[in-house]
Every structure is written in structure tokens, then in C-alpha cells.
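Work out the full structure, taking the sequences as your base and the hints as a guide.
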Amino acid sequence: GLTTLEDKSLGATQKGGTAPVAQVLDYGEAATPQLGGLALLTAPGNDGVSTTAEVAAGATIVLFTTGRGTPLGTPVPTLKISSNSAIFQQKPHWIDFNAGELLEGNTSLDALAETFFNFILEVASGKRLAKNEINDYREIAIWKEGVTL
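Residue numbers (our numbering): 8 to 156.
What you were told as hints is all true, and nothing was included just to trick you.
Below, in silico cross-link-like pairs of lysine-lysine (DSBU-like), each with a Cα-Cα straight-line distance of 30 angstroms or less:
1) Lys15 / Lys151
2) Lys22 / Lys98
3) Lys98 / Lys15
4) Lys98 / Lys138
5) Lys138 / Lys22
6) Lys22 / Lys134
7) Lys22 / Lys151
8) Lys98 / Lys134
9) Lys138 / Lys15
10) Lys151 / Lys138
Honestly, the hints are just simulated from the structure, not real lab data. For clarity, every value in this text was computed on a predicted model and none was experimentally measured.
This is the structure:
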């Protein structure tokens, strides 16, 4: 698990890949796809609030990694990727893909990556539904700034 905010930020940086940063978006601002590159989004780390911001920015699919199995769905296909097989088996209605197979030595990184990529393509093309679509889990959570009662 993550122990610090620094660990979490480093993980986010690694997931960004190697594309140049093309946009820095405020919460609720829509991305400009024509610019290409990576868009950074100002949003809190809360699962529901941050994924809502991604969808508001124009995301048409969300890839959500989890080690605990957070029950989450957004208005778009939300692919929940488990980092371990135990969560995949315990949460069959929430988790879409088991990346824990790699840790167990049941597959190679290349084989798992190819299977995962093909899975994403099937969902993105409408040939397959994400668990949040099947079970109608389509929540949003809005970031509340300032004082709330």
C-alpha cells in the first residue's frame, strides 16, 4: 500500500507515461483534445471526486487501479483493475480485470499487457461492458471547496 502522499504522487507521475504535458486544467474544465499530449487536472485525491473531474474534462473511459476494491463507477465505462487476485475474487461485481495474475507468476508482463489492452479496446468499442455499466454504478461526486456545514 501507499504510505505517503509523495508515494501516491510518484505513482501518478509514472502512470502519465512519456507524452509532453500539453494542458493544465482547473477542476471542471474541459480538455482540448486537439492539443494532444498529457493533460494534468487539478482535483483532490478522493476517488469519486477525482474521477468525476476526469469525466467532466472529457474522459470517455476511466481506468481505475485498486488494491482494496473501492466500489466506484462513473457515467462512463470505469474499468476497475485489481492489483491482487484476492480482491478480484472477493469483489466480482466491482472488479473488471485482475492484474494480480502477474504477481502470482501465472502470466508474463507482455502477455498480461496484451490481454489488458485488448480488454480496453473491447470496452471502448462497445463490444463488452464494464462492470459499472452492467450493474448501473454511475455515481458522481462534486468537489466542495471552502466551508461546508
